[in-house]
Amino acid sequence: KNQVEQSPQSLIILEGKNCTLQCNYTVSPFSNLRWYKQDTGRGPVSLTIMTFSENTKSNGRYTATLDADTKQSSLHITASQLSDSASYICVVSGLTGGGNKLTFGTGTQLKVEL
Amino acid sequence: SQTIHQWPATLVQPVGSPLSLECTVEGTSNPNLYWYRQAAGRGLQLLFYSVGIGQISSEVPQNLSASRPQDRQFILSSKKLLLSDSGFYLCAWSTRHGNSPLHFGNGTRLTVT
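These protein sequence lines are chains A and B, in that order. For what it's worth, our numbering labels the leading residue of the first sequence as 1, then goes sequentially. For what it's worth, our numbering labels the leading residue of the second sequence as 1001, then goes sequentially.
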């Protein structure tokens, strides 16, 4: 069964600090992995998307890594800001006969405090 | 630029009443369209997706239905709501490319009382 597990479930950090969120998956065959940011009461917004051949991808203060061998990904946030407070969702796309099928993690709830 | 509109933002409906949630996309043609439901503490669950007008695929058996009367319009409906239909409903679109990200609307918070 395709699964995506994220850790930690929630995280509180001080403004200006760095943090790393983890994503482990069992989706196979693998197509790509995406990280989304979801503010409370809003729809998720795409941060990064990585294919099998990509090990790292950055989007401003967000850097995602992918190890397709161990089926792990991380999202590193540098110099956190209050506006980074949100849920971060890992989504893995698997190849099926009918196209790509997405499996969603349950998210890591990040709170950045003063 | 492309935009996606979803309404209403919140909705409170009694059990047994009908439902109609609308989603429209602007600035793109022939998008793939999706309806997701997000329950607290759980990942997004795909309810329906559509690759074209009148083409609807259902992922899970349920009390809901979807329709796509126009290329950029996607509607989620129910004839009689159940308490278990309460949740946060998200509409999304993507291009036909396999690695295209999903672009989500801001969701509808549905409470069935």
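Source of the hints: derived by calculation from the structure; they are not laboratory data. Just so it is clear, CB atoms sit at the ideal spot from N, CA and C, and this is done for glycine as well. Hints are not guaranteed to be accurate.
What the hints assert, rightly or not - Over the 10 Å line for every Cβ pair with chain A, so calculated as not near, a few chain B residues:
(1) Gln1006
(2) Arg1042
(3) Gly1043
(4) Leu1044
(5) Gln1045
(6) Leu1046
(7) Pro1061
(8) Gln1062
(9) Arg1068
(10) Pro1069
(11) Asn1099
(12) His1103
(13) Gly1107
Stated by the list, open to error - In silico contact screen, one side only, chain A against chain B (beta carbon under 8 Å); selected entries:
(14) Asn2
(15) Ser28
(16) Pro29
(17) Phe104
(18) Thr106
These are the hints, each one checked on the structure:
no.	hint	result
1	Gln1006	violated (8 Å)
2	Arg1042	violated (6 Å)
3	Gly1043	violated (3 Å)
4	Leu1044	violated (4 Å)
5	Gln1045	violated (8 Å)
6	Leu1046	violated (7 Å)
7	Pro1061	holds (18 Å)
8	Gln1062	holds (18 Å)
9	Arg1068	holds (17 Å)
10	Pro1069	holds (22 Å)
11	Asn1099	violated (5 Å)
12	His1103	violated (7 Å)
13	Gly1107	violated (5 Å)
14	Asn2	violated (11 Å)
15	Ser28	violated (16 Å)
16	Pro29	violated (12 Å)
17	Phe104	holds (3 Å)
18	Thr106	holds (5 Å)
Violated hints for the displayed structure, listed by number in ascending order: 1, 2, 3, 4, 5, 6, 11, 12, 13, 14, 15, 16.
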